[in-house]
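S.K.: Listed below, chain by chain, are the residues.
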Amino acid sequence: MNVFFRKRNPKFVKAASLAVMMLAGLLAAVPTVFAQAKPDPVALLKELDQLSDFSGKDFSAVFTIVTQKPGEKDSVTQARIFRRDTKKQFLILILLPEVNKGQGYLREEDNVWFYDPTSRKFSHSSVKENLQNTKAKNSDFTLSSFADDYAVTSMTEGTLGKFPVWILDLKAKTNEVSYERVVLYIRKDRTMLLKREDYSVNGRLMRTTAYPKYIELDGKLLSTQILILDEINKGEKSQITMAEQSVAPLPDKVFTKAFLEQVSR
Amino acid sequence: MAVILRMAFRNIREHKSKSLIIGILLALGALILVVGTAFIDASQAGIRSTFSDVYTGDIFISGISSEGPVSLFGVSSPGGLAATPIIPNYEKVLSIVKSTPHIAGHSSLATGFAQLTREDSTPQQANALKSTIQSQDRFLFLFGVDAASYWNLFNQVEIVQGERLQPGQPGLMISESQRQKFSDWLGKPLSIGDTLLIQGFSSAGMRLRELPIVGIFQLKEQGASPEQLAYIDIESLRVMSGMTVGANEPIQLKPEETSMLSTDNADSLFGEDVTVTQGSSTGIDVNAIAAQIAQESAAKPLQADEGAWQFIVAKADSPRNVQRTIAALNASFAKEGIPVVAGDWQKAAGPYGQSIDVVRIVFAAAIIILSIVAIIIIMNTFVISVIERTSEIGTMRAIGAGKGFVRGLFTAEATALALVSSVVGAGLGIAVTSILRALHIEATNQFFLILFGGKYMNPIVSAGNMITAIVVMVVVGFIAHLYPVSLALKIQPVRAMQEE
Numbered sequence: 001m002n003v004f005f006r007k008r009n010p011k012f013v014k015a016a017s018l019a020v021m022m023l024a025g026l027l028a029a030v031p032t033v034f035a036q037a038k039p040d041p042v043a044l045l046k047e048l049d050q051l052s053d054f055s056g057k058d059f060s061a062v063f064t065i066v067t068q069k070p071g072e073k074d075s076v077t078q079a080r081i082f083r084r085d086t087k088k089q090f091l092i093l094i095l096l097p098e099v100n101k102g103q104g105y106l107r108e109e110d111n112v113w114f115y116d117p118t119s120r121k122f123s124h125s126s127v128k129e130n131l132q133n134t135k136a137k138n139s140d141f142t143l144s145s146f147a148d149d150y151a152v153t154s155m156t157e158g159t160l161g162k163f164p165v166w167i168l169d170l171k172a173k174t175n176e177v178s179y180e181r182v183v184l185y186i187r188k189d190r191t192m193l194l195k196r197e198d199y200s201v202n203g204r205l206m207r208t209t210a211y212p213k214y215i216e217l218d219g220k221l222l223s224t225q226i227l228i229l230d231e232i233n234k235g236e237k238s239q240i241t242m243a244e245q246s247v248a249p250l251p252d253k254v255f256t257k258a259f260l261e262q263v264s265r
Numbered sequence: 001m002a003v004i005l006r007m008a009f010r011n012i013r014e015h016k017s018k019s020l021i022i023g024i025l026l027a028l029g030a031l032i033l034v035v036g037t038a039f040i041d042a043s044q045a046g047i048r049s050t051f052s053d054v055y056t057g058d059i060f061i062s063g064i065s066s067e068g069p070v071s072l073f074g075v076s077s078p079g080g081l082a083a084t085p086i087i088p089n090y091e092k093v094l095s096i097v098k099s100t101p102h103i104a105g106h107s108s109l110a111t112g113f114a115q116l117t118r119e120d121s122t123p124q125q126a127n128a129l130k131s132t133i134q135s136q137d138r139f140l141f142l143f144g145v146d147a148a149s150y151w152n153l154f155n156q157v158e159i160v161q162g163e164r165l166q167p168g169q170p171g172l173m174i175s176e177s178q179r180q181k182f183s184d185w186l187g188k189p190l191s192i193g194d195t196l197l198i199q200g201f202s203s204a205g206m207r208l209r210e211l212p213i214v215g216i217f218q219l220k221e222q223g224a225s226p227e228q229l230a231y232i233d234i235e236s237l238r239v240m241s242g243m244t245v246g247a248n249e250p251i252q253l254k255p256e257e258t259s260m261l262s263t264d265n266a267d268s269l270f271g272e273d274v275t276v277t278q279g280s281s282t283g284i285d286v287n288a289i290a291a292q293i294a295q296e297s298a299a300k301p302l303q304a305d306e307g308a309w310q311f312i313v314a315k316a317d318s319p320r321n322v323q324r325t326i327a328a329l330n331a332s333f334a335k336e337g338i339p340v341v342a343g344d345w346q347k348a349a350g351p352y353g354q355s356i357d358v359v360r361i362v363f364a365a366a367i368i369i370l371s372i373v374a375i376i377i378i379m380n381t382f383v384i385s386v387i388e389r390t391s392e393i394g395t396m397r398a399i400g401a402g403k404g405f406v407r408g409l410f411t412a413e414a415t416a417l418a419l420v421s422s423v424v425g426a427g428l429g430i431a432v433t434s435i436l437r438a439l440h441i442e443a444t445n446q447f448f449l450i451l452f453g454g455k456y457m458n459p460i461v462s463a464g465n466m467i468t469a470i471v472v473m474v475v476v477g478f479i480a481h482l483y484p485v486s487l488a489l490k491i492q493p494v495r496a497m498q499e500e
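Listed in order, the protein sequences are those of chains A and B. Under the UniProt record's numbering, residue 265 is the last one in the first sequence; the count climbs by one each step, no gaps. Under the UniProt record's numbering, residue 500 is the last one in the second sequence; the count climbs by one each step, no gaps.
Take the hints with a grain of salt, since some may be wrong.
[To be verified] If we take Cβ atoms under 10 Å as the criterion, some of the chain B residues that face chain A in the derived model are:
1. 190
2. 193
3. 194
4. 197
5. 198
6. 209
7. 210
8. 259
9. 286
10. 347
Hints were generated in silico from the structure; no laboratory data involved. Note that the Cβ used here is the ideal one computed from N, Cα and C, for glycine as well.
If we strip away everything but chain B, and leave its shape as in the complex, we get (with noise of 0.2 Å):
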């Protein structure tokens, strides 16, 4: 064994230029997936905190939807417009999330989606609407929070001027960016206590309410949420959403409404004579057509579902046991027959949280195929470098080495090369992330704050992604020289020492 690795270190010397070009392409290897790794672990862990400490929590708990997956977004439907369930038997639920172990805090919500309005169009505020504020800035994602228990969950809110929204207050909470916009497409600076109109949408209708600004926020980490976050009092938000109780009142209709929906076919329709009656048109009172309305709608006020709350979050005492409680809370859940669901902060992130998966994948992918390119890259380099001294191994053979000798010289050359120089690449790893986390990148995109996991470019080599990429390189060099030595010692030792 001693003999095998003096010849093999002996050998390394010997063949200096092809050693050096071997040696480098697996530094590189093992360079690229050191920083390669770095990366995806920054944006996982992130990306999983900014989501989980901003807004998703650790475990988010929701009722089921058959028209598609439930999020912190509503339902992902095709269309769009399924209602997002309540949470059914709210208080044993909740009673099941106070009773399962790991659970450090839960807060309980409902979203929805609003738009900024306003009563008239001033001259003023036309001018306003040739500027830059698109409609769509104009949008509002609610979160309708309990606020005695959201803020201290969520403690990345940073309150730039006002206040928190407190319980039983009513108001809004919106961010300085909106703020901002807000105010130009109203054409006055807005502050605390003025009020905005808002808009309400649901599969239940439209909704107008007035409510003040109660405060303005910042995020502290402002990586993953989305830009039209808002906060809400949850009494206003359930009458926005239509979490009301008179929503699911059945209708009576007369039977000719309803006449023609059994019918598949419209032709089969005009089996018989098209009914054309004759009409006579008398004046109509529209007093009389007002004052019923009035008086009908007004015998039922529109009146909040007290209780009615579509989420809850919750965050665990430590990453470790999110899977195990959140597997916990889905075994309680069906013992109880209660159909709600567990899940984690990417399917509280809901779509969100699978554009970034996307991105991570493709970012994977991209290094699974460099590293594939290097490989062949060095196995190709070996095939030269062995194939050249065919004759040597020729000679060795006819002096009385075995095969088992000559394989081994050269398993104990590769692997030593590839030890020391993927040690090496690695080491560049560390150093090359080291720069880029000192140069402080910024995030100018989305797609850069997903691939970052935050706001700024932030690597972190671990000992294990370290380990992992020396093993991998000194794998892939073992590799690659075994086709090439079986190749040189198919060939006779007579012939192959005739080989130049």
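Pulled out of the complex, with its shape left as it was, chain A reads as follows (with noise of 0.2 Å):
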């Protein structure tokens, strides 16, 4: 019988991967180092890494992904995002679509809530609890590190579009991560990741991701356009814009049940 809800079950991790795919968005920032001649390639993997790193500061802005399935109509979700790295803590804000608008989900540590706002209750599970029955992985949930998960086995040059690039082939250290292998495409005149590949333990390409637009805000670069290619579903593609972005510190109350409860009054 529990073979339904095993089915069933990625309804629920549609949910949480919804604010996975906010996270990875970030992973895109990238701080402004003049690319040198020929990089090593685990320091250039270690500048991508701190990307994500927003310690010590507040980080804000509005995501929106619009999904696209052959023969269906796109689906639409807007979510104001606020992180605090430090403390582990987010709180994300639906906005759209209509009938979901107010709800949200507020992470302190290993505790997760959601909320729902037309009947004003809110749900908590824990991360680890979560995992227990669902496809989603640890690292969906942790902030990913290129240089601790994974090895460089290759570092080539290549072009872009129009634009000179180091390709880096990455193979797996543990079996945490989500690909087995990931290819990036690092511009070189400003080091910057343009295009990553993420292909499945038997060599097949799982996905395509571009990142072909930026903003640079106090002093880091972050992508505002990031573009999602199912490689397996031909057709199946996602964008994800981002706007409004701050690093502006946030009033602790941001984090709290009461916040949830004080936008949908």
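Reassemble the complex: the two chains are provided individually, in unrelated frames, and hints are given to aid placement.
M.R.: Structure follows, in structure tokens:
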């Protein structure tokens, strides 16, 4: 009997992965470092890792995710996200679709609360508990580190469109990561991630992600538009757009249940 | 003819040991057939009535989804995310159901999935977490029912405590086993009137609702119903499953939010310069953001879509009329051009019904293989027995018996032996099934539940199955003797007489 529920469970994962996609969007931010003649590949990876490191800073932005599937109506989710990495806190407020407006997710350490304004109720779960019966992996909920999780197998030169790039071929060091092999296309003249390819264990290309637009904010580079192409189900793609980004300090009350309740009042 | 028969019976007596071996084999064959078909029949009838009496009805009407087949469990699509279609033109569909003959009763419903959850984790509950309650034990397969008609149609739902859901009453009905598991997980004993916080999942997202426990039920037949089955008022279900008025409103997006979706080649995005805009980080007023969202969401309250149903389940006045009624309904729907389809209980049970088919097919295949093996063994024994009588055949032919006479003699022998043995075998089969029934063997797992067609092993031999078993074994006996006899008849009488 449980087979139905296992099958159905992706709905839960879908909601959880929404948060993940938003967090993942931040991975593209790159510090402004001028490319060297032949940089050390590991150092390059560490630079990329620093992008997602918002230590000591708060971050907030509005994300819009539009997903297209052939023969289906586009699915749209818009949310405002607030992050404070030093305390492992985040708050996601759903803005679209209209029926889910005001719903929110609050994370503090290993606790996650989902809030539904129509019943004014919270639902608590712990990150560990959630992972027990879903397809989600630990890596989906923690900030990934290329340098820690992957080893560089090769570094070659190439071009992407009109840009000369370093092509880094990475192999997973642990089985905690979602993809066994990742290929990164890093712009040479100014270190920034332009494209990422994810491969499965048997070498099949699963997903291609492009980062063609950036914003420079407080000395950091953030990707503002991301295109994700599903290489298995051709034609399925998502665009993530980031707007209203800010690294200004947020009041502490943002990361509280009371704030979620205030929003729907 | 009389001579042949007399000789045949004399031969059977003369070759006692060989006759006994073949007879036992034929009897065994008949026994296997009788017992086997008794099981298959019991399984089929038991499963059908268990499903149709408990939750599928005889006739199941649903909308059509391009993603996959629709059942009470939703759409069986590869990703499992497809929305269950709502019955289009419901009033018209309902009037067709009402005007179709042989329908004894009907009710409408919608289903959905949810999980029991809680507002916060207390230390007491954290301890309960370490107990055996898995997160799948907290899943609920919700039946949003039309309380006015549902309970008349499905009277197998027995109330242990509390009452059935009444029309218009918000609440939940959970099973006795759910009550125990949920009490364990929440760290407090649950009873009628206590509220449960449940989180619904659908393609439209998640929704939380707190609902009182109205009743605790138990199903009279526990054979094939989902353990996670719980009943809920239709209004709450509609909200939780995204069957709401505003669910399909178009969303206005800015051009830059969809600008890249026309691209299939990621590399083409890097033809021009990668834009890096300069941003300035100004402080954000979180209160203003909160106030803005609050104001907008207050303008559009969530309203359940009145009259939205996913399914109509109906019972026929007699099992004989089910298929006829389904055909009549489908013809009417096609004539009116409404994209809905009627099916039987197995369509309603969806993946559940299919797993039953698999078990039954495997069981039937096992019986067929067993029968083939039995036939081969019988044939082999016949070959040996006839070959041993080659000299006898030669002698008969030498003193003037024609090939036809010899063949007739052996046919009579084989048929008579097969008839007697299979009758004995079938009789033993009845005895075996009676003993199995009397033992009252209980099904310990899902596999046996399906095989037994209910909670207890209950094979019943029908007259038809008994006659079939006897006829099959007589035919087997007849076919099995043809080859060795034709072999023996090919040998010249003179040589045949010399054979030892």
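S.K.: Could you run down the list of hints and mark each one as holding or not?
M.R.: Outcome of the hint check:
1. 190: violated, 18 Å
2. 193: Violated - the Cβ of residue 193(B) stays beyond 10 Å from chain A, reaching only about 18 Å at its closest.
3. 194: Given a least distance of 15 Å, the restraint on residue 194(B) is violated.
4. 197: This hint holds: residue 197(B) lies near chain A, its Cβ roughly 6 Å from the closest one there, short of 10 Å.
5. 198: Since the shortest Cβ distance to chain A is 9 Å, the answer is holds.
6. 209: holds, 5 Å
7. 210: holds, 6 Å
8. 259: Holds - the Cβ of residue 259(B) comes within 10 Å of chain A, reaching about 8 Å at its closest.
9. 286: holds, 5 Å
10. 347: Violated. Min distance 16 Å.
Comparing the model with each numbered hint stated earlier shows that hints 1, 2, 3 and 10 do not hold.
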